[in-house]
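Visitor: Sequence:
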Amino acid sequence: MNGVLKEGSQRPLDQSDFLPLSDETSGRFVTEKLRTSWESKKHHCKIHGKRSKLWKSVFDMLSVKDVIIILTGNVLYTTSRLLFPLFLGYFVSMLMSAEAENTYLICACALAMCLNGLIGGLGMHQQDYKCEVLGIKIGSALRGLVYHKTLLLSKQTLLEFTAGRLFDLISNDVKRMEEETVKFFFLTPFAVLSYAGTIFLIYSLIGWQATTGVFFLCILIPYFAVLSYASAKLRLRTATVSDQRISLMNQVVSGIRAVKTHAWEDEYRRKTKDIRRNEISVISKRTAIQSSLDALLYSATPLATLVSVITMVLTGQTLTPANVFMLLSFMGFLKLGGMRYVIYGFLTTYDAYVSLERIEEFLLLENLSAASEGDESKKRQQKVESTSTKQSSSCLKKEAENMENVSLSCEATELGPTDLCVSNLTCAKNHREDEVILQDINFVAPSKSLTVITGPVGSGKSTLLSAIAGEISDTSGTIFYRGNVIYLPQTAWVFSGTIKENILFGQPYEESMYERIIEVCALKEDFQRLPDGDQTVVGERGEVLSGGQQARVSLARAVYADGDFYLLDDPLSAVDFKVGQHIFNKCIKNLLADKTVLLTSHQQQHMENADEVIVLYKGHVLGKGRFIELQGIGVINATFDPLYKETLEDKTESSETFAWEDTEKHDDAEKCQTIHPLPNEARSLEIAKEDRTIGVVTSKLYWDYFRSGAHPLMITGMVVLILITQAVLVAPDLWLSFLARLIPEDQKNRTFLSVFACLVGACFIFTIIRAYGFLLLSLKCAERLHDKMVVAILQAPVLFFDSNPVGRILNRFSNDIGCVDELLPKTFLWAIQVLLLIFFQILVTVATNFWLVFVVVPISVLVVVLSNYYLKTARELKRLESISRSPVFAHFSDTLVGLDTIRTRGRQTDFVAALYRYQDVHKQAYIMVIASGRWLGTRLDCLASLLVGAVALAAVLVSQDAASAGLALVYVIQTLNMTQYAVRKASEVENYMTSVERVMTYTKLDQEPGYEEDRQPPKDWPRRGSIVFRDVSLTYYPGGPQVLKEINLSIKGGEKIGVAGRTGAGKSSFVAALMRMPDADGEIIIDDVPIKEIGLQQARQGISVLGQSPVLFSGSLRKNLDILDRFQDAELWQALEDVQLKDFAERLEAKLDHELLEHGANVSVGERQLICLARVLLQRSKIVVLDEPTAHVDPDTEQTIWNVVRDKLKESTVITIAHRLNTIRDCHKILVLKDGKVDGFDKFDSIMNYN
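Per the UniProt record's numbering, the sequence shown runs over residues 1 to 1251.
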């Protein structure tokens, strides 16, 4: 570490300065070691019908070598500390005898004390470092194990577990193992042995009377155990509430556009504050326990000393300096080497056990039957025969017989090498037998065929594809295929990176294939528009791209994978008709012609071109065959409305001449041409580097931290209380030193003993008040900082969320807030207590012998110089450690969102390898933080050992009286034990203050302009709903491309406006400008009020928006419809009926109180869209924006909804963005956008005639 510290003192360190990890410390090695042990124990317990225990597997992480090093260090340290009172007793008795020939022996004794301290310190640092590294390895292995398990679980299971709870596991629960848990676990047995050794030595050297104090301390051990157990129980409750808070923040950050669009910031701030208040309430109870344990730790030894002294005096034993200070030294050893280890051993072990149980609960969740962690990109034969776990044994026998028949029937049909057979497929809903999503599905998709699956909303289309892809657990039946399945989920997944990285997804780059795929997926023109072409960084969750662009990038990724089977879940619903037609003809019908394709769709042209159409209705196959056959027998009419078919025909005819360009006309030479972006000055979005402060942690940061939760007078009062308490703690020892000088008769004086007892009692009272007061103050600061951070996040511009990964933001709310809540306060308290104790002890030592100033001052200067030299590097390492932790969280977040894609593409191995890389970088930083602390500790122990020798020699040289010398030595020996510990704790406080720093950085985020605007719009604004755009231009980020260019138009109140244009033409950006996300250049005026001149939330509240991607939150259906509790149940039911969801809601057990999972994951995408539409209808706003509101619903439902919309919103100005022309043909005017400009704004017929 010398080189690193030298480098760190000269310049800020970065990741290139990290020291390499050994193979045994790497993420892969430790995770595989733990995983092997866990799987073995789990298998063994399963055979014997028991529940596997994770802590047993954690024990297997210990190697014999590690245990030997830890035990050796412990033996050296404990022996050293037990020898000190012996040397002290001998030294003081020699001073009392004052014989000249004893001088050499006294000097030898002083030297022995110096060496003893040095050897004990080295032993302690060695074992502590080993324990801390072991804790880091266990933490890394647990995260790896949780990640491996994540890859084996269905998305449904993960959503029920909640992402917030998972993030809490990998942050706060794993952190319990990374802290001092391993160290205290090993030290606790030695602490118990210390009690036994101390009793024996005190009995032998002083007498049985002195052992009564030690027995008093032994009586306290069960009390410590009970308090620690209660603290662990409260920790479990804290974790449960923290899970809820992190889960809510995860949903808010992921759905921030919906929150801002509906102006729900205040509601979600209130929700978060309520959860946070519950969390703080539980933590404050833990604080009370913590403060009583701290008070006992500091006041129990004076109490024990009081018991021993009174027993000695009452039984007639004389108090001599030798036996008094030997007793004090033993008690000091028990306080640090016994009680502290017992208290924190119980606390950390119980906490760790609770955390391991929480992780264990996750690891024991039922795996997805078809999931595998290996690389599945190879060709394989798969025969899935899974049975719902909740069937009776008779059902299972019957099912087994069916399986055999199915296998025979599948073989009888003589399946080709790329045929797919589905037989008797049934899928249970939410682990219940009485409700099924799919029932008895049977079909065969022949090789090189296109099968279209259609049906109304909620009929089970997406579930069927998920089941075939192996992404659903509760299924029974047989799915038989040979080859490689590529599954494209309904919701497009684009991860943070370049577009090219998203398409290749780990596959090698083949230029001709890549160019052809981007052409058939209609991405060529988009690449030319984007600043850096396919090298454009798409931002978090791909927000830089439009919904249609995200869908096409996801499709291109699937096609590039070159599988045998393609399961495409409605990929063309998000693109306009023209682009959809291009993709269907060039990609699905042409490029994928030699593949077996299953496509869910509501579009008639897709069905007409399909080899087979399967119509689903409420989970059953209503009919299957060619489109014409199904139409002939009337099955297709259950899905299609005649009006829709007419408009579809019109659309097909007119679309050739519609406004946007025909992008298909490329000759073969162009198809393989490399794509270059159009020359422009715009640049692509950059993912922001995580903020990092460089340099010292300033006193201003400490002041700001305490000021966030307390008044300056309260802070001053706390400082005074802390100083008074420290003075009170030293008083009993000074009084005891006075008693030791008295003659035996005076020692029995009741007044003297009463004063001693009162001082000890004051110690107990003051330490409790100090600990509880300080911890409560810190908790108040943490609560206020969290509240400020929530407000800042809710008011941050959307650009912040596009350029910062979700995992990075959640790291502040989980890891950093967890640190500010629990780790910082207790470490800060410890550091203050120990530093003040050392200061007062050195003060007393110098007061007993003034000449010691000449030793104490130089050593103190050296301590300060060394500490500052160390802190320059340590604080930067801690900042780097916090920053390098964020990619681990971000990787978990990305994996959760794209899990089905990762799994069906067989990319688990690559994603696990990426996790190991992120973990290893974090571990390098973390181990260097630990090693630098030990580097300092070793050097400070050397200085403290020199101080012990100097104090002892000074006592000899100045012929100091035995009582004063004894007290000085007792204190200086305790200083030896505590100096390095105190400085390390102080540096830990600095390190933890970087979490405060990171939280405070988020509390000062730039907010969207308009939150501070006090000007209110007129009452009941807007009344007419007129909108005027004047020279409106929009860019999403500084230096980015202009997505809207000088838009000028006027919309009258009550008009129905249709917005059309090619995917990426600026349709959604038009809505973004209207919603001020972000503020556009130019002027937007609604009912004669410029929206920039009124409050941002007021401007947004006047407009109802149904976005392109439906956003729901965890909570009841009622809450999702009416988050502000403004409507009666009758109105909610009417809204559901209007959007064709009344039957769906009535079938739910809890009706309106039915709990939705995070992001509404337990309802289909179509149902989510309809719930969001019902929410818009309820609000009855004068201006309503519908951004592709029926993209995911069947035409029958779509037609009914449009009738309702026309009826319910006839008084409102309605702006409808649509890809299907029939959707907007009845509008008063059509706005056609092209490249962000107005290409036409007139009636439908005029627009068609013009083009």
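Source of the hints: derived by calculation from the structure; they are not laboratory data.
There's no promise every hint is true.
As the list claims (entries may be wrong) - No farther apart than 25 Å at their CA atoms in a straight line, the calculated lysine-lysine pairs in the DSS-like style are these:
(1) LYS33 <-> LYS46
(2) LYS46 <-> LYS524
(3) LYS1210 <-> LYS1019
Visitor: Now, for every hint given, state plainly whether the structure supports it.
Guide: Verification of the supplied hints:
Taken as a hint, the LYS33 and LYS46 pair is honoured in the structure, with Cα atoms around 20 Å apart against an allowance of 25 Å. Simply put, LYS46 and LYS524 have alpha-carbon atoms about 55 Å apart, too far for the 25 Å limit, and the pair is violated. Our distance criterion of 25 Å between C-alpha atoms is met by LYS1210 and LYS1019, whose separation comes to about 22 Å.
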